[in-house]
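K.L.:
For chain A, the structure is supplied; the task is to place chain B on it using the hints.
Okay, here's what each chain looks like letter by letter:
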Amino acid sequence: MDFNLTEDRQMLSNTLTRYLAERYQIEHRNSIAYKAPFHDPSKWKEMAKLGIFSALVNEADGGFGGAGADIAVVFEALGHALSCEPALPLLMATRLLNAARQNQAALLEGTAHYAVAIAEPDAPYDLSDITAIASDDHCLSGRKTSVYGGNIADYFLVAARAGDHLNLYQVHATDAEVVPYGLIDGGGAAEVLFDNTKAKLLIENAQSSLKDALDAGTVALCSEAVGMMDVTYQITIDYLKQRKQFGRPIGSFQVLQHRAVDMLTEIEQSRSITIKAASELGGPNASRYASMAKNMIGRSARLVAEEAIQMHGGIAMTWEYAVSHYAKRLIMIDHQLGDTDFHLHRVMGMLNST
Amino acid sequence: MDLNYSTTELAFQSEVQEFLADNLPNHIVSVVRAGDGLTKDMMDEWHSILKKKGWLAATWPKKFGGPGWTPVQKHIFEEEYCQAYAPRVVPFGVNMLGPVLHKFGTKEQQDTILPRILSGEDWWCQGYSEPGAGSDLASLKTQAERSGEYYIINGQKTWTTLGQYANKIFCLVRTSKEGKLQQGISFILVDLDTPGIEMRPIRLIEGGHEVNEVFFTDVRVPIANLVGEENKGWTIAKYLLSHERTGIAGVGFSMQALAEVKTIAATIKRGSKRLIDDPLFAARLAEVEIDLEAMKITNLRMLFRAQEQGSPGPETSILKIKGTVINQELRDLARRALGPLAAPFPGHFGESNILFGPPDTAFNAARYFNNRKASIFGGSNEIQRNILTKTMLEL
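Respectively, the protein sequence lines represent chains A and B.
Heads up: the first sequence begins at 28 in the working numbering, then just goes up one per residue.
Heads up: the second sequence begins at 2 in the working numbering, then just goes up one per residue.
Bound conformation, chain A alone (with noise of 0.2 Å):
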């Protein structure tokens, strides 16, 4: 048992950590983050020339990471400085096109990008529940919702329907109908709609592959949540101590500091259950613990964020402060892949398998 990072991963944290914080400000992300292309292209190719990339993927598909550790160590990072790249879209495609026995270097090196298209209107979690449909010549209609990265990706990896199969295919986005816009909690996606639209096939049956790019999703934003989640109390517990009320910091409050004590406790479960479900993504269990750990993440960023906003007491509505940016983007994640209550029921469904 050893919960130190490896040598190697404490060497990406530092790495990706410093760069974060020389280069990507929260000032500057607040500058990108809500206008078109709601990200920071330059940005982009330094991570990637940085390697950070390449730590999502194995080495037999060029990269030198891949584990659920590597994801996590990079997702906590990018979460810490509130990144809004595309990041989570080029992991899942990571996954997506290594089951798919495809070329990523153009990917990896942040040249091309590629966003992953699963939800859907009336289909917002789960995959038994998609309607979109892929004809025998491998042409697609449906309505893909909430494409994240969608807005600048050069491809969609789209899962559709043919009769009883769920299938990956790959469309070029100028074949495709694509609605970019920005998100409420920064970054960008697009609707992206399909009418009898040209696609390649790439994966046939694509279930076990497409549930594993959604375990390792989700261990990303989770990761991603637990960054978030660590900024923000410290924040909160830096304003407890110099804000003063009836002559003393309100940080001498005892409602306040029992509260504060159980937004900490909330944060370490949080960690916890990640580092679980990141040690067992790519295992038999992966889609259980990455259900708990969701789960999780969705009741303790709900509350950190709101305990956060009422305990700022104002400044923390406000647009100016970090806080607000960080708090939507707490709450925003539990709308992507699977909310607290979708993966409640999916651990609801294992109760007798354990």
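Source of the hints: derived by calculation from the structure; they are not laboratory data.
A portion of the hints provided could be inaccurate.
Covered stretches of chain B, going by a simulated chain A footprint (3 or more residues, C-beta under 8 Å) [stated by the list, open to error]: (1) 191–205; (2) 279–287.
Derived DEER-like restraints, expressed as beta-carbon distance ranges [as the list claims (entries may be wrong)]: (3) B:K178 - A:T33: 19 to 29 Å; (4) A:V282 - B:F357: 36 to 46 Å; (5) A:Q337 - B:K104: 22 to 32 Å; (6) A:G274 - B:L39: 50 to 60 Å; (7) B:P360 - A:N379: 44 to 54 Å; (8) B:T113 - A:G274: 24 to 34 Å; (9) A:Q272 - B:T113: 50 to 60 Å; (10) B:I203 - A:V282: 25 to 35 Å; (11) B:F357 - A:Q337: 14 to 24 Å.
Just so it is clear, CB atoms sit at the ideal spot from N, CA and C, and this is done for glycine as well.
P.N.:
Chain B alone, transformed into the frame defined by chain A:
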């Protein structure tokens, strides 16, 4: 990052499993399983089995007759122990007074008292809380006045767990009224046979007798029974509290409770449906299971830190808070799962052998009520939050 045990730890795990399989008496397991009270004889019997193996004083270093285990080994032992439904070791002598004497006792105290703890000759209990000093322990009033070679003790202690079986008690007493409250407290050992001591039972909410109040009237205790220096007892009390926290998350007990809830919910029917298939019940159960899975890792992380840094940090208060709440949630689910079958008062079934629900579940309402104590004792969860405020938040 590696959540797996090393090969030596795995070997140790099998050794513990084997020992428990071969030595844990069935008649004791069945009482633990049912959540019924163990008799003193059963506790003594189990202690002597552990003693023979050298595993009774699991937290003691080798030079005092303990196994000298690492924190991870202690954890593995605890985990397997709960898995096998072995009874809890009565902690007052072995896990509380023992470590205090290792650190603060004189050579003579160590030589005379420690072996008698191991042999079971002495059964210790704890005299800390008083009617007017619970969470605010430093305001305790039980007084010890010097008179020649003796202290004369007057006052009252309460919540003395299993005091009815004990022949000795370790007490915090006031030896000075000068300065801060904490500076006038001493740690002293008292023979319960001494004239002037009266022990009265306190009946608890579910009807059981596990705690007592102890009255001291002009009780003469030799000065040699003082542990550490006079008026330095608070340091010892704090040290003891930090030791009390090993295993405080109660993960093993919560895993027992989780398994029990699942068994009940898979057996009990609501009409034609099993309770476990009811989405509202399943949702509550799944949520606690998730919290417990996280708790397991939080526990291991802190254990790992204790192993790396030599001692557990203040964040163990997190384990106390979250661990007790999870356990209480599970006990609540077990009670509710049984529905009307949980209502009978155990012990009132007369001669009838009629079963209420699946086997070993009759005491669930009683266990639920009894377990409300968990968030109150050992420093209430509110006190734990105060500790974390000071140490982790630095507010």
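K.L.:
For Q272 (chain A) and T113 (chain B), compare the CB-CB distance with the range 50 to 60 Å and indicate the outcome.
P.N.:
holds (58 Å)
K.L.:
Look at the Cβ atoms of Q337 (chain A) and K104 (chain B) and judge whether their distance stays inside 22 to 32 Å.
P.N.:
violated (44 Å)
K.L.:
Is the gap between the beta carbons of T113 (chain B) and G274 (chain A) within 24 to 34 Å?
P.N.:
violated (56 Å)
K.L.:
Do the beta carbons of V282 (chain A) and F357 (chain B) sit within 36 to 46 Å of each other?
P.N.:
holds (43 Å)
K.L.:
Looking only at beta-carbon atoms, does the pair K178 (chain B), T33 (chain A) fall within the given range of 19 to 29 Å?
P.N.:
violated (57 Å)
K.L.:
Measuring from beta carbon to beta carbon, are F357 (chain B) and Q337 (chain A) in 14 to 24 Å?
P.N.:
With a Cβ separation near 46 Å, F357 (chain B) and Q337 (chain A) fall outside 14 to 24 Å, so the hint is violated.
K.L.:
Verify this for me: three or more residues of the region 191–205 of chain B with a beta carbon less than 8 Å from a beta carbon of chain A.
P.N.:
violated (count 0)
K.L.:
Verify this for me: three or more residues of the region 279–287 of chain B with a beta carbon less than 8 Å from a beta carbon of chain A.
P.N.:
Satisfied; 5 residues make the cut.
K.L.:
Take the C-beta atom of I203 (chain B) and the C-beta atom of V282 (chain A), compute their distance, and say whether it sits inside 25 to 35 Å.
P.N.:
Once the Cβ atoms are compared, 32 Å apart, the range 25 to 35 Å for V282 (chain A) and I203 (chain B) holds.
K.L.:
Range hint 44 to 54 Å: satisfied by the CB atoms of P360 (chain B) and N379 (chain A)?
P.N.:
Violated: the Cβ-Cβ distance is about 19 Å, outside 44 to 54 Å.
K.L.:
In this structure, is the beta-carbon distance linking G274 (chain A) and L39 (chain B) contained in 50 to 60 Å?
P.N.:
holds (55 Å)
Of the numbered hints stated above, those contradicted by the structure are hints 1, 3, 5, 7, 8 and 11, listed in ascending order.
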